[in-house]
Structure formats: C-alpha cells, structure tokens
Amino acid sequence: MKPLTKHSRFIGWALLAIFLTPLSVFASEDVKMLDLTSHWVGYTAIVLFVLAYALVIAEEEIHMRKSKPVIVAAGVIWGLIAVVYAQQP
Numbered sequence: 048m049k050p051l052t053k054h055s056r057f058i059g060w061a062l063l064a065i066f067l068t069p070l071s072v073f074a075s076e077d078v079k080m081l082d083l084t085s086h087w088v089g090y091t092a093i094v095l096f097v098l099a100y101a102l103v104i105a106e107e108e109i110h111m112r113k114s115k116p117v118i119v120a121a122g123v124i125w126g127l128i129a130v131v132y133a134q135q136p
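For what it's worth, my numbering labels the leading residue of the sequence shown as 48, then goes sequentially.
Be aware that one or more of the hints could be misleading.
What the hints assert, rightly or not - What follows is a list of derived Cβ distance ranges for each label pair:
no.: 1; residue 1: 125; residue 2: 68; range: 40 to 50 Å
no.: 2; residue 1: 91; residue 2: 58; range: 44 to 54 Å
no.: 3; residue 1: 73; residue 2: 93; range: 33 to 43 Å
no.: 4; residue 1: 130; residue 2: 66; range: 36 to 46 Å
no.: 5; residue 1: 121; residue 2: 53; range: 31 to 41 Å
no.: 6; residue 1: 117; residue 2: 80; range: 23 to 33 Å
Please keep in mind that the hints were generated in silico from the structure rather than gathered at the bench. Backbone N, C-alpha and C fix where the C-beta goes; we use that ideal spot for every residue, glycine too.
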C-alpha cells in the first residue's frame with residue numbers, strides 16, 4: 048500500500064469534516080437583520096471611528112499609544128450597537 052500524499056490526506060480530512068458535521072448547522076430561521084446604515088448609531092459609529100483614527104495619526108504629538116483610542120472607540124461602538132439591538136422587538 049502506497050503512503051498517502053499530502054493532497055489525498057487533505058481530501059480525507061475534508062470529507063470526514065463534512066460527514067461529521069451535524070445537519071442542524073445548515074438549518075436556518077427567518078432572521079430580521081439589524082440595519083444601522085441610516086440610524087443615528089451608524090453615523091455615531093463612523094464619527095467615533097474617524098476620531099479614533101485621527102488620534103492614531105496624531106500619536107507622535109499626543110504621546111498616546113495607538114491602541115488606546117481604537118479600543119475605547121470600539122468599546123463605545125459595540126456598546127451602542129448592543130443598546131440598539133436590545134431595543135429591537
């Protein structure tokens with residue numbers, strides 16, 4: 048018996064993964080998507096992102112690490128999205 052090649056081993060693992068995947072993974076329900084493109088939270092998120100990016104650009108002058116404004120802006124954006132999502136019926 049010949050040893051398996053790299054390609055045939057990959058195909059074997061891929062087939063095994065497909066056959067062991069439960070069918071419930073492929074089930075879907077009718078889900079209402081949260082559209083924030085014209086919502087005030089969407090515009091606020093864009094403004095916060097631009098401000099955080101401006102602070103990253105000004106890192107040399109303000110002596111602040113690049114990650115701090117980005118992490119704070121991301122946390123505030125996700126918090127706003129969570130509030131709006133919780134208010135949806």
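Taking the hints in turn, this is what the structure says about them:
no. : hint                    : in the structure
1   : 125 with 68: 40 to 50 Å : violated (30 Å)
2   : 91 with 58: 44 to 54 Å  : holds (48 Å)
3   : 73 with 93: 33 to 43 Å  : holds (35 Å)
4   : 130 with 66: 36 to 46 Å : holds (42 Å)
5   : 121 with 53: 31 to 41 Å : holds (40 Å)
6   : 117 with 80: 23 to 33 Å : holds (26 Å)
Hint compliance for this structure: hint 1 alone is broken.
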